[in-house]
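Listed in order, the protein sequences are those of chains F and E.
Each residue of the first sequence is one higher than the last, beginning at 1 in this note's numbering.
Each residue of the second sequence is one higher than the last, beginning at 292 in this note's numbering.
If you are wondering where the hints come from, they were derived from the structure by calculation, not from laboratory data.
As the structure is a computational prediction, the values presented were derived from the model and not from experiment.
Yeah, the Cβ is synthetic: ideal placement off N, Cα and C, and Gly gets one too.
One or more of the hints may lead you astray.
[What the hints assert, rightly or not] Okay, the calculated beta carbon distance ranges per label pair: (1) Lys129(F) x Leu614(E): 53 to 63 Å; (2) Asn412(E) x Arg247(F): 44 to 54 Å; (3) Arg247(F) x Val559(E): 45 to 55 Å; (4) Ala390(E) x Gly58(F): 25 to 35 Å; (5) Ala482(E) x Asn132(F): 24 to 34 Å.
[Said to hold, decoys possible] List of simulated lysine-lysine pairs, BS3-like, C-alpha gap at most 30 Å: (6) Lys188(F) x Lys597(E); (7) Lys196(F) x Lys570(E); (8) Lys160(F) x Lys92(F); (9) Lys338(E) x Lys570(E); (10) Lys191(F) x Lys92(F); (11) Lys188(F) x Lys160(F); (12) Lys73(F) x Lys129(F); (13) Lys73(F) x Lys191(F); (14) Lys92(F) x Lys253(F); (15) Lys338(E) x Lys191(F); (16) Lys92(F) x Lys196(F); (17) Lys160(F) x Lys597(E); (18) Lys597(E) x Lys523(E); (19) Lys523(E) x Lys342(E); (20) Lys196(F) x Lys129(F); (21) Lys338(E) x Lys523(E); (22) Lys188(F) x Lys342(E); (23) Lys191(F) x Lys570(E); (24) Lys523(E) x Lys570(E); (25) Lys188(F) x Lys570(E); (26) Lys342(E) x Lys191(F).
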Amino acid sequence: MAHTSEGLKAGLLVVAALGLGTAWAQLSPAQPPAGTEAASPKDAGGTDPAPAEPSANGVVQHPLSSQCAVPNKEIAAPAPLPAMISKLESGKSLRILAIGSSSTWGVGATSRQKNYPSQLETMLEQSMKDVNIEIVNRGVSGETTETTADRLRTEAVLIKPDLVLWQLGTNDAVQHVDVETFDHTVRKTIKALRRKHIDVVLVGLQYTPTYSRDEHYIAIREALNRIATDLNVLYVKRYAAMEFIARTKANMKVLSDDGFHLNDLGYQCMAEHIAQAVTANLFVRRKKPAS
Amino acid sequence: MNDVAVSAALLDRKVKTTRAPNEIDFWRGIALVSIFMNHIPGLWYEKFTHKNFGYTDSAELFVLLAGWSLRILVDSQPRSLTPLRLSLRLGGRAVTLYAAQLVITTIAIALTAAAALWLNNALILQWNNTAAVFEEPVSTHIGIVILTHQLGYFDILPLYVVLMMMGPIIGLIYRYIPAALLPLSFAIWAATLTFGVNIPTWPVEGRWYFNPMAWQLIFVTGFVLGGSGPVKSSIERWRMPIRVLGGIIVILGYIGTVQLWFPEPLDVPEPFLFFVADKTFLTPLRYFHALGLVAFFGGSFWLLIKYLRPICRFFSMLGRNSLYVFCIGSLLSLSGQIVRFAIAPSLLIDTIVVIVGVSAMSVTAWVSEWRTRLRD
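The following block holds chain E by itself, in its conformation from the complex:
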């Protein structure tokens, strides 16, 4: 093969290895940028993220899309694949995510320590639940490895790890008794909310910020919505009424949030978790608001790509490389917190933080795709 032919083949592969912009990647890209901004408390631009316009934030979107992607992966596996091979294939992702959690946690600890040294301020060492690392290193190192110690804002990947570990179980239930999947998920969620159970943290006494037993519901919901089946068929049949219902939920969510209608946990009846807007337990208010958003905005991608093509391509690129972008984004958020602490916050500083952050996230996505092409 001459050089021209090699180049042509590479070019051909290049086209193949980069997915075309699509709805899942686009919304995942939006979620990644929102998460980056939401993890810098007080950032001026944070007020434009969708958590200020309803009862949910990007976490729900992110986890729902993770379930959706798992369904696409499951559907792409041949039916002849043995249950063991299917389980291994689906479970492998959990190990990758676990490794990513350990790496970003380690870097976050180093960033915090470096900031404390740089600014000569020991108080920084206690930010984001980091104090235990320096105060009680023996048990905290164990806690980090077994995921019972999670730094503030570095707590969604542990949820993701558990959900992906459940991937093989979800895949097998879907293969053999698909109709049982959503009811079973609902039952586990309802029991979790009724009894208020959660995974304890250690050595800092508390509970997981994202309770996997509650959050599995939105993951499974994403899985069910991600492919064909009775639920998807019903949605197709009732498309317009569902979109209208979604619109009503979105509007009510907006009014409720703006008017600060948040039920008081200490005042509502038991079991109280069914009546409040609690993120840890993914309470009904949050779950149904997330569904409302999906019902209202889902399927609108064709409209967006028609009129906002460059933006769609940009966010899709981020979404295609979500793990790398998420990891870098998390570390950039922490860096943003440090910068805003070191230099008095202002609109200019916040603008620089956002521009640098989003640019670094896009470079990460671009490099990731470039590497993939090189491998070909």
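So that you can see chain F by itself, here it is in the shape it has in the complex:
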């Protein structure tokens, strides 16, 4: 995520040419070290203990912290990640494109370093020692899936990721995007990414009590479930996982003050669930060779 200073410099050039100040560069918040509140193995209290042994490709399944502990089945069903596995076998670096809307950008987090892609980067580096992991964040707040899909298809060619983490569905549900259009867009994009040998992980809708009974919200969630099953794609059921936490740990606050977006802890759990789902599917590979 070495993007911050690049963007600032480009902008400064524009303004400098207009003769309107150049001293802002010093104010640029440099990309801090990726320190997160990710769970250390010490406080891991997940319901599914991590395997002690690393897999053949050196991956250790990411453990869940006690705050974010959720049964595996509430997070994701197993699905193959062939491109990632082959990249791990042949190289020591992974490039991941995290794309989506406000939950990817990090609305509700106290800083950009607390959003889920930043926290996930640290977690994956802990699970994949000696692998250089780069997560590129392309979250744009308020965006619906059709617009994101357009960006995704171009960004995927420009960034050349090994894995795409596609957070989607919430804005489509809230803005009442037609379910059929949503379904068609997602399927078409996943198929195109796979043709290009890029793995996809779908990251589902935000959990919020406000929309728990909203028909359209439910319909979009069901569409994602169907797509994941039909295309055998790894789908992190964010809604179910967070609902489980809300139900079992009523005193734990995972939402920000707007009552809709996650707070720092919420993003930590989101990152942990994705890290767990991804590493579990890389780990499974040792016992179940990809067909």
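Given the coordinates of chain F, assemble chain E onto it according to the supplied hints.
What follows is chain E alone, placed relative to chain F:
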């Protein structure tokens, strides 16, 4: 001078200060109304804008006409003007546009915030890439000023600012080596598409929606077409075949769009930007479709003004005052989005939004011209 004489003089000036309806202003007026409607997603009337009938939308037309206007401005400058004075004169417009971008962005943020308060819905605060303003105000305020943070639908003026900043360079190349202008522009565009380079955004990680290094091509094309020269002479000589070719492009564009023939970026060969219909990079499909439209419809204004005079006068009035009308139109589009969110969208609501919007844009143009007359 008695009162009658003063009135007569004012009347005389009034006639002088308002340009007669012309082709550039007319098409620019059309583009302004289209942009207003295109920036209200889901609006029923949006389906009638030309983006649904080809690979381009009003942005290409708008930028091409901006280049065309720059050429008229350059040609109107005396040859004796020193390069420095020419540069200052052409570059001054960039500052005006920059100020306009800051003003409309500020008002758009306030409108979004007001809507969130009015409707008691915090989700509105994340519309159109606005979330960063409220979530990360320190860096986002810097980003707005240095143009690395652009709200959704408020992203064409930054392109315009950069293009106008290039105005002096374009003007000087045209003055000293005119034959190099278009080839140089093509080379920069081709390199941009080959390597996929763009200006990064900050603090939201991404890229400029309108890539100035790609979009300069259509701006320079407008500049070249806007005045006499070898390109214009060739067009004059081959007028009919070019119009036929333009017609073929327009028809193919229509068929392609209706049949949803959009090349898949993930499937086409590298360098992929040459084969897809990407707006950010103004890919060949869009560029040549825009040229096809110009070739086919260009020069048809005499026919339009003959049979549709009031309409031509109306759109020309909007086009004559394009900056003000564009600014108001952008804010009206956002207001339209809010209204459609607050009240369940229907054909009636959409009709009211369009009528109120276009009326407000025309009042803006009228007031702007009225002010000009008063100044005289």
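For each hint, the structure was consulted:
no.	hint	in the structure
1	Lys129(F) x Leu614(E): 53 to 63 Å	57 Å, holds
2	Asn412(E) x Arg247(F): 44 to 54 Å	26 Å, violated
3	Arg247(F) x Val559(E): 45 to 55 Å	47 Å, holds
4	Ala390(E) x Gly58(F): 25 to 35 Å	56 Å, violated
5	Ala482(E) x Asn132(F): 24 to 34 Å	30 Å, holds
6	Lys188(F) x Lys597(E)	48 Å, violated
7	Lys196(F) x Lys570(E)	22 Å, holds
8	Lys160(F) x Lys92(F)	16 Å, holds
9	Lys338(E) x Lys570(E)	18 Å, holds
10	Lys191(F) x Lys92(F)	26 Å, holds
11	Lys188(F) x Lys160(F)	18 Å, holds
12	Lys73(F) x Lys129(F)	26 Å, holds
13	Lys73(F) x Lys191(F)	25 Å, holds
14	Lys92(F) x Lys253(F)	37 Å, violated
15	Lys338(E) x Lys191(F)	29 Å, holds
16	Lys92(F) x Lys196(F)	20 Å, holds
17	Lys160(F) x Lys597(E)	55 Å, violated
18	Lys597(E) x Lys523(E)	25 Å, holds
19	Lys523(E) x Lys342(E)	27 Å, holds
20	Lys196(F) x Lys129(F)	27 Å, holds
21	Lys338(E) x Lys523(E)	34 Å, violated
22	Lys188(F) x Lys342(E)	22 Å, holds
23	Lys191(F) x Lys570(E)	23 Å, holds
24	Lys523(E) x Lys570(E)	27 Å, holds
25	Lys188(F) x Lys570(E)	20 Å, holds
26	Lys342(E) x Lys191(F)	27 Å, holds
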